[in-house]
Every structure is written in C-alpha cells, then in structure tokens.
Amino acid sequence: MKILVYVLVIIHLVSCNKDSFTEELLLKPLYANKLYSHFQFTTKWDVDATSDSMFHTNLFPRAISEIVVRHNIQELHISLTAGLWRYETWGYPVVDAAPGAEVWAWFNPDTENVDKNWKELANSLSGLLCASLNFIDSTNSINPEISLRNSGVVQGQVNNTFLRYSSLPREIVCTENLTPWKKLLPCSSKAGIASLLNAGYIHNTQYHSVGIMFRPICADKACTRKAVELQQTVSLVYDYKMLGNRQWTLRRLFGQGIMNACPLAKESSIYVDLSNDDKFDLEPYPHEYITAYRGGYETTYAKYDIKRIKPMSIAASYEGKEIINVNIPPPLYASQYKTGFGQQNGGIITKLYNNHWADLNVVVLQNFPWYVPIYLHTMKIESNGNILQPTVLKYKPGKLREKAHYLEIGLRLPPKSTISISIDFDYVFLKWQEYPPDANHGFYIGSAIISAMLPLAKNYTGIPQDGSTIADSFNASRSGYLVQIRTETMIITLPTPDFSMPYNVICLACTVVALAFGPLHNITTKRLILKVTTKKKLSEKLKSFFKK
Amino acid sequence: MGLLTDPSAGQGKLIKLLLKYYAKLCVLLYTVGIVYFCALASSQINSSTYFSENALLPGLVRSEFMDNTMAMNYFDELKHEMKKYDDSIPYPWLLAKFRQLGLDTYTHNFSLNYPLGASQKFTGKNVYAIIRAPRAASTEALVLSVPYRPPVSVHAPTASSIAIMLAFAKFAVKEKYWAKDIIFLVTEHEQLGMQAWLEAYHGVTCGKKDVLISGDMKGRAGSIQAAINLEIHEPEIGQIDIKIEGLNGQLPNLDLFNLSGKMALKEGLSLTFKNRLAKRLKSLWRDWIYAFQTMMSMVVTQATGVPNGNHGLFYRFGIQAVTLEGFSLPNPKSNRAGFYTIARILEGTFRSLNNLLERFHQSFFFYLLSATDRYISIGLYIPAICLLAATFMIKAYAKWCQLHNNNKTDEKQAGGDAKNQLSDDVVKELEMKHAALTQGDWEQKFEVESEKPPNDKHVGLGHVSLVYVLSHVVGFALRDLPKYMSHVGATYGYSTETSIYGTFAAVSLLGVLFPLCIRRKPAYKSMSFLNIIALLEVGTALICLAMYNISIAMFLAAIYAPATLLINPTRCGSCRIVQRVLWLMMHPFVVFNVCIAVFTFTAFPNDSLEEVFYRALGASRQAMVYSIVDSEIYGNWLYNMITMIFVSTWLCFYYVTFGKADPSEQIIKKKSD
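Quick mapping for you: the protein sequence lines, in order, are chains A and B.
Heads up, the first sequence is in this note's numbering, so the first residue is 1 and it goes up one at a time.
Heads up, the second sequence is in this note's numbering, so the first residue is 1 and it goes up one at a time.
Hints should not be assumed to be uniformly reliable.
[Said to hold, decoys possible] The calculated lysine-lysine pairs, modelled on DSSO-like cross-linking and capped at a C-alpha distance of 30 Å, are: (1) A:Lys-279 x B:Lys-176; (2) B:Lys-174 x A:Lys-380; (3) A:Lys-279 x B:Lys-125; (4) A:Lys-537 x A:Lys-547; (5) A:Lys-351 x B:Lys-282; (6) A:Lys-351 x B:Lys-176; (7) A:Lys-351 x B:Lys-13; (8) A:Lys-321 x B:Lys-174; (9) A:Lys-380 x B:Lys-208; (10) A:Lys-321 x B:Lys-208; (11) A:Lys-380 x B:Lys-125; (12) A:Lys-416 x B:Lys-125.
Since the hints were derived computationally from the structure, they do not count as laboratory data.
Full structure from sequences and hints, please.
Encoded structure:
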C-alpha cells in the first residue's frame with residue numbers, strides 16, 4: 001500500500017513538472033501622457049494536444065483543453081478589445097488586437113468539416129467568455145492566404161483551408177468578459193499579479209484588450225516533442241489626464257497594491273520600462289535593472305520579483321515640469337476611413353504611412369461584410385501621386401447573405417511615403433429582418449490588418465515567435481519584427497426604412513378591427529325583426545309632435 | 001391619363017363647370033393658400049416642440065464644468081496673440097494649446113481658385129484637434145467648431161468662442177464617459193474653410209472641380225453625428241440665438257435645435273430665434289403678428305438658400321448642426337452669462353449627444369419655426385404650397401380641355417356650315433353615299449386628312465417645341481455665360497460684378513426682344529399649348545422645390561401664380577400690352593432687383609432716394625456674383641434653378657402673350673357669359 005502511495009506521489013510530481021505558469025506585468029509610459037500596462041500570463045504544458053491526456057489538467061485551464069480537443073484546434077487567437085490602439089503615438093503593443101471581438105483559429109489538417117467546427121467553436125467560446133461570438137459563422141469569416149500564418153510549430157505543408165478568421169467590430173467589451181477570463185488563470189484573481197485586475201479600474205482606460213492565445217510549441221530545443229502553450233493577456237492604456245496627474249502608483253491604477261505572488265507561478269515579475277525621455281523615480285527601489293538590446297535599440301527595464309516581496313505598491317514620481325515632446329511616429333502605421341456622403345455609393349480608403357528610410361513589404365488584409373459590395377476595378381493604390389502596383393493580389397468576391405468579401409494585397413511601400421488604397425462600394429438594401437434593433441446606429445466594417453516584418457525594433461514590445469514571456473523579448477534581436485496593425489472600424493448608414501411604420505399600421509389595423517367589431521357583433525348576435533310602419537302624413541307627424 | 005386622352009372627356013358636366021369657373025377657382029385657391037400659410041404662425045394651429053429622441057436624455061446630468069478662470073486666461077492670451085496676426089489664424093498658438101491639453105492636433109490646408117474674373121488664388125488653414133473617446137474606436141464623432149475671425153474681419157469677433165472651446169476641451173479631456181470622439185475645429189475664411197474641411201474629411205468635391213481645392217487631411221474620427229458651431233462675440237453675453245438655416249434651405253433635425261435650446265434655458269440664459277424671444281401675448285391677434293414676423297424672418301433666410309452660419313454646410317453630409325450665437329445686450333446689466341455658463345451649455349449638449357445610440361432620425365427635418373418653442377411641421381405647411389401650385393395645374397388642365405373643346409366645335413362648325421349650304425336632299429344623298437362607302441374607304445380618307453400639314457387650327461408642335469427648347473437654351477446660357485464673360489471682361493479691365501450683371505441684363509434683354517422680331521404671329525392653339533406646358537413645368541418645379549425648401553417655393557408661387565393666371569393669348573391689343581408690361585415686371589431679373597432694392601430701402605431708410613438706388617444697384621451686382629460663386633464652390637443651386645427653370649418658363653409665358661386669340665374662343669366666351 002505504501003509503495004502504491006509513493007508511486008502515485010511520484011507520478012503526480014512528474015506530471016506537475018510537465019507544466020509551468022509565469023505571470024508578468026509590463027508598465028511602459030507612452031507618448032502623450034499615457035501609461036501602457038500589459039499583463040502576460042503564460043502556461044506551458046508538455047502534453048500531446050490531440051490525446052485524451054489533455055483532459056488531465058493541472059495548471060492549464062480544463063475549459064480550454066476541452067475546446068481544443070473537441071473542435072480539433074491547432075492554434076487559437078481571441079481578443080476582446082474596447083478602444084483603438086493608436087499606433088502613431090503609442091508605438092507597437094505586445095499583442096495587436098482589433099476593436100471589438102476578433103477570433104482566428106487554425107484547425108488540425110485532419111478536420112473533416114472546418115466550417116462546422118468553426119461554428120461550434122465560436123459558440124463554445126461565446127459561452128466561455130460571455131461574448132457574442134456566436135454571431136460568427138461562415139457568412140462573416142474568411143480564410144486569408146498570406147496574412148495570418150501559424151505562430152506555433154507546424155508539421156508539414158501549411159494549408160489555409162484550415163484557417164478561419166472573423167471579427168465582430170460591434171462587440172462591446174466589458175466586465176462580463178473579464179470575469180470568465182480571470183477564471184481560466186491558475187490562481188484566478190485571488191493571488192498574484194492577476195489580483196490587480198479590478199473591473200472598476202481597468203475599464204476606466206483609454207484602451208483595454210483581453211486576449212487568449214493557444215498554440216503548439218516545441219517542448220525542447222531540438223523540437224523532438226510538441227508541447228502546448230496558453231498566453232492570456234490584458235493590455236490597458238491609462239491616460240494621466242483621466243487619473244488626475246502623472247504620478248502613478250499601482251494603487252491608483254488598479255485600486256490596490258500587490259499582495260503576493262501566485263504560489264503556483266514559476267516566475268512572477270513586474271517590469272517597468274525606463275527608457276522614456278521623461279524620467280521618473282520608482283519607489284520602492286527595483287530588485288534589478290535590465291538593459292536589453294533589440295533590433296538596434298536599447299531599453300532599460302526595472303524588474304520587481306514578486307516572489308521576493310512583502311505587500312507593496314509601486315509608485316512613480318516624476319520630477320520637474322511636464323515636457324511636451326514632438327511625437328516621432330513608428331516606422332509603419334495605418335488608418336482607414338470612409339469617403340462620400342449620402343446612401344448611393346461610397347468609398348473606403350486605407351492609408352499606410354511608411355516612415356522608414358527603406359522599402360517595406362506589407363500585406364493588407366481587408367474583410368468586408370457581405371452588405372458592403374466592393375468593386376475591385378475601382379481599386380486604386382497611390383503613393384504621393386504615383387500609381388503603385390500590388391505585388392500580390394488575392395480577392396474572393398463575397399456573396400449577398402452568404403460570404404464576406406476578402407481582399408489581400410501585397411505591397412512594397414516606397415521609403416518615407418504615404419500610400420492610399422481606395423476602393424468603391426455600394427450601399428445595399430437589406431431585408432427588414434436583417435436590421436438590428438437600433439438600425440439607425442449604422443453598420444460596422446471591421447478593421448483592416450496590415451502585416452509587416454519591420455527591420456527595426458523601434459517602439460516595439462512584441463514577444464518573439466520562439467518566446468512566450470515578456471522576459472523572452474529582452475535581447476531578442478531577430479531578422480524581422482512582426483507587426484499586425486489594426487485600423488479603425490468604420491460605421492456606415494445603410495438605407496433604413498422607417499420602422500415606426502409597422503407600428504402605425506398595427507395601430508391603424510387595430511382601430512379598423514375595433515370599429516368593424518361593433519357592427520359585426522350587433523349583426524351576428526341580435527335578431528332582425530321586420531316591423532310594420534305606417535306612413536304618416538306630415539300634418540299627422542306635426543300633430544303627434546305637438547301633442548308631446 | 002384617361003381624362004387627358006379621351007376626347008369625350010371634355011363634354012362632362014364637371015369639365016364644363018371647370019371651364020366656366022376655373023379662373024375664379026384659381027383665385028380662390030391662391031387666396032386660401034396664402035391665408036392658410038400666414039395663419040400657420042398662430043399658436044392655435046401650430047404645436048409646441050418636444051423631444052422625440054429619448055436617448056438624448058437632455059439635462060439629466062449635473063453640469064460639472066467650473067473652470068471659468070481658465071477660459072478667461074485663454075481669452076486674454078488669445079487677444080494678445082491675435083494682435084500678431086493681422087489677417088490670418090494664430091495657428092501656432094492654437095496648436096500649442098491643444099497639444100498641451102493632450103489632444104491629437106492637426107492642420108488642414110486648402111486653396112481656392114476664384115472661379116470668376118481674372119484667375120486668383122487664395123489659401124487658408126484650419127486647425128483642429130481631436131479628443132479620442134475612451135469608450136469607442138473612433139467610429140463616431142461630434143464637432144465643436146468656431147469660425148476664426150481676425151481683427152480686420154468685418155464680422156463680429158469670435159475670440160471668446162475659442163476661449164470657451166479651449167476651456168471646454170480642457171474639461172472634456174479628463175472625462176472617461178465619452179463614447180464619441182470630439183473634434184474641435186477652428187476654421188479660417190468663414191464658410192470657405194468649413195466647406196473645405198468637410199470636403200476633405202469626406203474626400204469629395206461638392207462644387208465645381210478645381211475651384212475649391214480642399215486637399216487632404218491626416219486625422220479623422222469616424223462618421224460625424226452632430227456639430228455645434230459657436231459664435232460667441234463677447235466674454236459676457238445677455239442672450240443666445242440659435243441659427244439653423246442651411247445650404248439650399250436644409251434644416252437640422254428639430255431634436256438638436258430643441259436640445260441646445262433646452263440646455264441654454266437650463267443654465268438660465270434667454271434664448272432667441274431670429275433674435276426674437278418666445279413671447280406669449282394675450283391678444284390673439286398680436287400674438288399672431290409677433291409669431292408671423294418670426295416665421296417670416298426664417299422664411300426669408302431660408303428662401304435665399306444661403307447658410308447663415310457654418311452649421312449650414314454640414315447638412316449635405318447628413319450631419320445635424322446648429323450655430324449658437326451669443327450677443328451682448330445694450331443694457332450692460334442684463335449681460336450676465338459668461339464663459340462659465342456657455343461652457344456648461346456646451347457640456348450639457350455634448351453629454352446628451354454622447355448618449356445618442358443612433359444618428360438623429362426621430363424628429364422633424366422639414367419644418368418652420370414661429371418661436372423658439374413652436375414649430376410648423378411639413379404636414380401643416382405642405383397644403384399651402386399645394387394650393388398655390390394647384391392654381392397652375394388647374395389652369396393648365398382647363399386650357400387643355402378648352403383646346404379639345406375648340407377642336408370639337410371647329411369640327412362641328414365646319415360640318416354645320418356645310419350642311420346649311422346644301423339642301424336637305426343633297427344631304428340625304430350624301431349620307432346615302434357615305435353609308436355606301438366601305439370601312440376601308442373611310443380609313444383611307446381619314447389618313448389623307450390627317451396627313452395634311454398643320455395649319456392655324458392645329459397645334460403647331462414643331463413651333464411650340466422650338467420655342468420651348470430655345471427658351472431653355474437661353475436659360476442654360478444665362479447659367480453659364482456670365483461666368484465666361486467675367487473672364488472675358490477681366491481681360492478688358494471690367495470688374496467681375498459689371499461683366500456678370502451686364503451679361504445677365506443683356507441676355508435677358510435679348511430674350512425679351514427676340515419675339516418682337518418675329519414677323520409671323522404665332523397661332524392661338526400653339527400658344528395655348530405652350531402655355532399649358534409652361535404652367536405644368538412651373539407647377540411641378542414648385543412642388544419639387546417645396547419638398548426641399550418651402551420658403552423659396554412659397555415665395556416664387558406667391559409672386560408667379562397671379563401673374564401667370566393673367567397670361568392668355570388675347571385679341572385685344574391693349575390687353576396684350578398690359579399683359580406684356582405686367583409680365584416684364586415679373587422677369588426674375590426684375591424681381592431680383594426689386595427685392596434687393598426693397599431690402600436696401602428698409603435697411604437704410606434715412607438715405608435719399610438716389611443714394612438708395614445706387615446702393616441697391618451695387619448690392620444687386622454683388623448679390624449676383626455671390627450667387628454664382630456659391631453655386632461654384634458650395635453647390636448652391638439657387639442661381640442654377642432660377643436661370644434654368646424660371647427664366648426659361650418666363651420666356652415661354654412671354655412668348656404666349658404674342659399669340660393671336662382664336663375667334664372661336666371669343667364665341668364660346670360670349671356664349672358662356
């Protein structure tokens with residue numbers, strides 16, 4: 001019996017060692033009085049993602065592993081975002097996310113019916129995250145050929161028929177999405193860095209984005225075995241103006257200081273980016289200063305090891321007067337807007353700004369809903385007055401009520417240039433049941449995705465593909481730095497009928513029915529009897545009248 | 001259509017009645033229409049305004065703006081700064097202020113190639129800044145705009161508006177409830193800057209190509225839902241006036257007007273419309289007079305189709321906008337509202353607009369106002385214009401029936417005369433022969449008859465269409481010729497005003513003289529037909545106009561309906577001359593000059609008659625240039641519409657007066673009398 005117990009303990013220990021959890025928080029002051037705070041929770045698990053052993057979870061959330069196994073998923077990316085990441089002033093975030101909800105998934109190559117799995121996956125996620133992801137189906141999904149490559153390890157040929165992408169720009173992200181998200185963490189929000197995620201505080205930000213990424217990774221350096229990795233992220237951008245002043249502390253940002261580390265975490269640290277021009281002092285003194293060189297740029301971080309501390313709050317105190325610097329925009333950013341007025345025809349313009357001194361290769365992915373029929377022949381790509389030819393052009397026309405329009409353009413952006421891609425579209429009439437309850441609010445067009453491998457890591461915070469924690473991004477110089485810029489979502493007003501008209505008709509019809517009911521009721525319920533009347537002469541009538 | 005094509009229709013009892021009384025009926029309709037329209041101002045008929053859009057939740061929040069001193073500081077700084085820039089916008093100061101507040105700040109350059117006269121180029125610069133809403137991804141926006149007026153500007157200053165705007169921006173940037181971006185826009189060159197900014201924002205050109213070059217802009221904030229334009233002239237004001245009339249007579253949604261009005265009242269500021277307070281007078285008659293004056297001043301502004309503020313340019317883009325204009329009253333004690341109050345009005349308005357889930361669609365877009373709190377909806381005023389337009393239609397129909405009746409009587413008379421000449425026997429013989437004729441023979445005979453060339457008795461379609469087309473060609477020429485002549489005139493050293501006014505007058509005169517040169521007098525029937533076509537065109541045009549701009553339609557209908565009723569081809573020479581002289585008075589060019597003269601006279605009642613005459617002449621010359629420039633830059637269609645429809649139809653009617661009367665008509669008239 002004793003031996004059995006030992007064996008079980010050993011087995012348990014072994015299985016425990018197979019997974020690890022890291023929690024990290026990055027605080028980075030941005031241009032224009034903003035503070036970026038990025039929470040990164042990474043769970044790695046040395047397990048075969050397709051087998052039943054996925055169900056025997058320890059640190060890994062069981063809900064995710066069930067979804068992964070059930071829908072035969074290779075890789076999954078979810079983001080729920082409120083607000084827009086302003087690339088021009090804020091640089092690049094750790095994780096790019098489009099406003100609203102965005103989901104993309106790679107299915108395993110042995111999946112029989114990808115569309116069915118995709119639909120079911122969306123429904124499961126909708127339940128998991130309390131978001132309206134159940135609106136995702138084949139009518140608003142696309143499978144891009146170039147833009148959204150696997151970020152995890154892949155065996156064999158990549159086939160984009162197993163990829164699905166969809167975004168719901170209308171989705172409003174709030175507390176009800178954050179609460180179920182927190183439950184996926186090993187310590188939930190009871191301990192560790194996650195305890196800072198108080199809904200009341202984090203929704204008072206300029207931008208907040210909740211993300212989940214699941215992917216297969218290599219278990220060892222030689223990549224003989226596969227493991228799985230789950231990254232859970234929260235990105236917040238605070239505005240000093242909204243906080244009152246720029247002397248921020250953890251308590252002011254999140255409502256409380258940090259109590260302890262998550263006991264299940266292998267590592268638990270807070271990094272503060274100190275490389276801003278506007279210097280500030282940190283209180284308490286950080287445990288370590290890290291200088292990271294990446295892509296030709298040097299960054300200094302202050303590191304706090306939460307495992308080593310007592311309850312505390314980090315406070316930044318700026319000295320001297322506020323300086324307003326000139327903004328130096330990042331090498332590549334983009335924006336998207338609608339042109340024209342009225343409800344006959346309009347245009348969509350995507351503008352790309354290349355501030356780099358050399359050519360940049362980018363891929364622009366655009367996903368137009370079926371109610372925005374675009375005309376490919378009207379597409380014009382201009383750069384400072386010159387017409388630019390796309391290097392690659394992938395286009396799948398949409399179909400009314402069935403399929404979204406998908407457009408992917410490969411471009412070589414000339415150095416120091418502004419490139420505008422314009423395309424015309426028509427406004428269509430919808431069927432009356434296709435209008436949402438607040439039809440006059442307008443209809444959304446999702447953001448475009450501009451993917452590029454930047455040669456420089458200026459203003460870049462992303463985690464390299466081979467890494468999974470913020471610490472992995474230090475000193476991680478690579479040949480290119482992947483950014484996937486999301487543009488603004490747009491709102492268009494489709495020709496909308498007067499929806500009060502059915503109400504008026506109902507009122508009118510009810511009145512008519514009510515009026516008709518009385519006489520009909522009379523006729524059908526009362527008996528008609530013939531009565532003999534004698535004709536009186538006028539004089540007699542008068543007489544009878546006066547007699548009264 | 002059956003009525004129009006069925007030849008027997010003219011015989012109906014109703015038609016006979018119509019033919020007998022149509023003139024009286026038209027007079028009746030006209031009178032009723034005018035009286036009804038005037039009566040609409042009465043509070044007995046119109047109704048009080050209300051909020052239709054519940055999402056606005058106006059005035060539900062407590063205003064939080066407190067920073068009066070900051071606004072005062074901005075005002076003093078700006079006053080100082082303005083001295084450095086005589087004729088342009090102090091954009092470095094504005095940019096710096098907005099940037100200090102942490103807003104995304106941009107400039108927008110535009111240029112104007114002046115479309116008339118010698119080619120001139122003007123440039124301008126707008127400054128704008130955007131508060132990015134924390135609750136949305138820049139999909140929707142609100143605009144707060146101020147026209148910047150340099151010290152040399154002829155208009156009342158707006159420096160206080162900019163101070164309020166900055167103070168409000170400073171307040172708003174701290175708030176976390178914004179769900180729509182707020183664009184703070186300072187425009188240069190009055191409406192030109194605003195038009196250029198709007199065109200650049202929407203990537204379109206509204207007027208002629210290459211006239212207003214609106215350029216490109218960098219920062220955008222999604223679709224604009226509403227805009228407030230500020231024209232606060234003094235740091236202390238006594239009352240606030242809401243201006244709504246837009247380009248081509250478009251109006252903002254009534255909910256927005258109510259909203260800004262309610263906010264002003266909530267802060268205890270007196271609110272006016274057309275500089276007139278809402279008054280309740282005990283006497284019904286006086287109350288009506290007061291309301292009628294307010295309504296008519298709106299009608300006059302709307303009829304010109306020229307926006308009376310920068311708000312008026314937003315409507316084309318589906319953006320609801322109003323201008324809040326603040327005046328100081330002559331009595332300094334009554335000027336009690338300062339920056340604090342106005343910024344609080346703005347706060348309330350923007351927070352309400354921020355609540356909007358859907359774009360403005362609930363309340364009225366077509367209305368007239370008789371006070372700040374009374375409105376006349378389209379349902380009420382449309383019958384008035386319909387009654388007036390009906391006079392044209394009824395007269396046209398009566399004329400058409402008359403034409404048919406005459407045809408009938410012609411045939412009858414012809415038959416009767418023949419019968420009289422022949423003895424009964426012959427007639428019988430003839431009838432026998434006719435009976436003997438086969439069907440085919442009849443048809444043959446008929447064809448031969450109808451192939452005969454049209455004589456006086458028939459409608460000369462060729463003649464009519466020639467006149468009709470020619471008069472419209474003159475209309476088109478009047479639309480475009482003055483522009484070209486201004487270029488030609490410039491090379492000979494004439495001013496733009498002179499060449500345009502001269503060209504217009506000359507072309508009009510040519511049109512007037514042309515029919516006099518024609519020897520062959522046009523036939524009665526042809527002229528009657530031309531009259532019908534012209535009547536129908538004017539009637540239709542008026543109804544269409546009324547859909548968009550009731551004021552101009554009412555004005556034109558009120559002027560033209562009585563005059564056109566009198567235009568008939570007659571035999572009596574003196575009548576013809578009277579008609580012609582009367583109709584000459586109705587020429588759009590004459591009407592235009594008379595209107596301007598009347599305005600000048602009322603504006604400068606103390607001047608001598610000669611002075612007023614020269615003043616009026618100068619004003620008309622300028623007004624004509626402005627209306628052409630407006631159509632080139634802003635796409636105002638008042639000038640185009642007047643030249644292409646009203647000048648053309650005027651010519652048609654004028655030609656009608658040259659028609660000879662038909663003898664048969666005289667007979668019928670005598671009979672009916």
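Here is how each hint holds up against the structure:
Between Lys-279 (chain A) and Lys-176 (chain B) the alpha-carbon distance is near 27 Å, which keeps this suggested pair within the 30 Å criterion. Of the supplied pair hints, the one linking Lys-174 (chain B) and Lys-380 (chain A) is violated, its CA atoms being roughly 40 Å apart against a limit of 30 Å. A C-alpha spacing of about 36 Å is found between Lys-279 (chain A) and Lys-125 (chain B), which places the hinted pair above 30 Å, so the restraint is violated. Of the supplied pair hints, the one linking Lys-537 (chain A) and Lys-547 (chain A) holds, its CA atoms being roughly 15 Å apart against a limit of 30 Å.
A C-alpha spacing of about 63 Å is found between Lys-351 (chain A) and Lys-282 (chain B), which places the hinted pair above 30 Å, so the restraint is violated. Of the pairs offered as hints, the one joining Lys-351 (chain A) and Lys-176 (chain B) holds, with about 29 Å between alpha carbons and a cut-off of 30 Å not exceeded. Pair hint Lys-351 (chain A) plus Lys-13 (chain B) does not hold up; C-alpha atoms about 71 Å apart against a cutoff of 30 Å. At most 30 Å may separate the alpha-carbon atoms for a hinted pair to count; Lys-321 (chain A) and Lys-174 (chain B) meet this at roughly 19 Å.
Note on Lys-380 (chain A) and Lys-208 (chain B): the hinted pairing holds, with a Cα-Cα distance of about 23 Å set against a maximum of 30 Å. With a C-alpha separation of about 51 Å, the suggested pairing of Lys-321 (chain A) with Lys-208 (chain B) is violated against the 30 Å cut-off. Simply put, Lys-380 (chain A) and Lys-125 (chain B) have alpha-carbon atoms about 28 Å apart, close enough for the 30 Å limit, and the pair holds. At roughly 24 Å between alpha-carbon atoms, Lys-416 (chain A) and Lys-125 (chain B) fall within 30 Å of each other, so this suggested pair holds.
Hints 2, 3, 5, 7 and 10 from the earlier list are contradicted by this structure; the remaining hints agree with it.
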